[in-house]
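There are 2 protein chains.
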Amino acid sequence: MNLILLLPDDGIDGNGRVQLRGRRLKHVLEVHRAAAGDELRVGMLGGGIGRGRVLLLTPDVLEMEVRFDRTAPPPLPLTLILALPRPKALRRVLRTASSMGVKRIVLLNARRVEKSYWQSPYLETKALTEQLLLGLEQAQDTLLPEILLRPLFKPFVEDELPGLIRNTLPLVAHPNAIAECPRNTGREVTLAIGPEGGFIPYEVEKIAGCGFTPIRLGERILSTETVVPALLARLF
Amino acid sequence: MNLILLLPDDGIDGNGRVQLRGRRLKHVLEVHRAAAGDELRVGMLGGGIGRGRVLLLTPDVLEMEVRFDRTAPPPLPLTLILALPRPKALRRVLRTASSMGVKRIVLLNARRVEKSYWQSPYLETKALTEQLLLGLEQAQDTLLPEILLRPLFKPFVEDELPGLIRNTLPLVAHPNAIAECPRNTGREVTLAIGPEGGFIPYEVEKIAGCGFTPIRLGERILSTETVVPALLARLF
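Chains as they are written, first to last, in the numbering used here: chain A, 232 to 467; chain B, 232 to 467.
Simulated from the structure, these hints should not be mistaken for lab results.
Beta carbons: idealized from backbone N, C-alpha and C, even for Gly.
It cannot be assumed that every hint is accurate.
Unchecked claim - Taking lysine to aspartate or glutamate and the DMTMM-like style, the derived pairs with C-alpha atoms no more than 25 angstroms apart in a straight line are:
(1) A/Lys-334 <-> B/Asp-244
(2) A/Lys-319 <-> A/Asp-300
(3) B/Lys-334 <-> A/Glu-345
(4) A/Lys-257 <-> B/Glu-427
(5) B/Lys-257 <-> A/Glu-361
Stated by the list, open to error - Chain B regions said to be covered by chain A (calculated; three or more residues, Cβ under 8 angstroms):
(6) 389–395
(7) 459–467
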């Protein structure tokens, strides 16, 4: 937690004072090991970044006086479309994508996505948001990414995808692609990544049919958790 | 497991036949769901890659006839020096680095590495090797990376590091660096990455004193697990 993220219902008063309990209090006690008078980096969800001066820190409450004096880092100009990963990997991928500044993530069904993944409690809004917040706290960002769940492949690709990719560079990661992932694109990108085992040929054709270029990252097969940060670092 | 990695003591006979039990058998039964006659991708640790034809598959044994007809993918020209991450992150970082083709990894002490990390059972040779093998199986590689444990910072930096970086581009990732991580270096690189919280100024100075250039990856603070694949994808 490199930034303590304040939420609208934390109830910051007119003097910039706020009281925190729970996970954030615990972190400040155990990891920051802060004391009254210390300054901690804070951010307002959807807003600015600044400093919180510790007024009171007890096992029950952290009271700070906060002020915000700069904006969050710029978002990555990317929509990430991910075939739904297995739940444990999903959590890590969401944290990673959120920490790297992705602001729109589509979790999509595909043939090689196990049906049971869609029943995971990790897909509940609260669980998704938790991982995204952890990513923001890691990267000192404040802007929560949006997640779209799309459990039906075909209607998503046929009805939504053409609109989604307008004015972007649409790329689909595929181990059999011939083109290497472009570097430092300087453009808004829509990036689709298949499940472990890859999109099936029908799916690749449907996606390519919308205008996506298949690209790869070398000849190695990488896990979703590895390929997401690697591709993002290449693209931007 | 995109490749079944065979080990020297698996005892391949003169006809290229081999019997496997344990983890690899279980994977072929449960994930590949293979049957007699199927061909699976195999590799020989430290050697070639090829195909194994399933002769017999029962809950007790997998028997294959294997042949190797191509070489493993080229290694990444990189020595990765990592301040020892917390044990769970270490396991994932090792898998990632191994899957991306890193062949030499130095695990180094630093001021902000918790002392208890050095007592972790995950640092035993068998546990380290296990993660590296998982990375190779993921990426269809066969060449096991070497790991050096260096629990003393100063003697490592003063006595070993100058020799290690000879003829390489030495870079140290540091959030306060001004230079961005270079792209597509086309060179052999030595990359040092600090602990969560960063190297302390003394450590950065010592490392920079050997000739390392401090570099950063944007303005976000990323976790070790994210920054390793991201930096490697930038550098190569």
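Each hint tested on the structure:
1. A/Lys-334 <-> B/Asp-244: 55 angstroms, violated
2. A/Lys-319 <-> A/Asp-300: 36 angstroms, violated
3. B/Lys-334 <-> A/Glu-345: The hint is violated at about 33 angstroms.
4. A/Lys-257 <-> B/Glu-427: 18 angstroms, holds
5. B/Lys-257 <-> A/Glu-361: Given pair B/Lys-257, A/Glu-361 is violated - Cα atoms ~34 angstroms apart, limit 25 angstroms.
6. 389–395: violated (count 0)
7. 459–467: holds (count 6)
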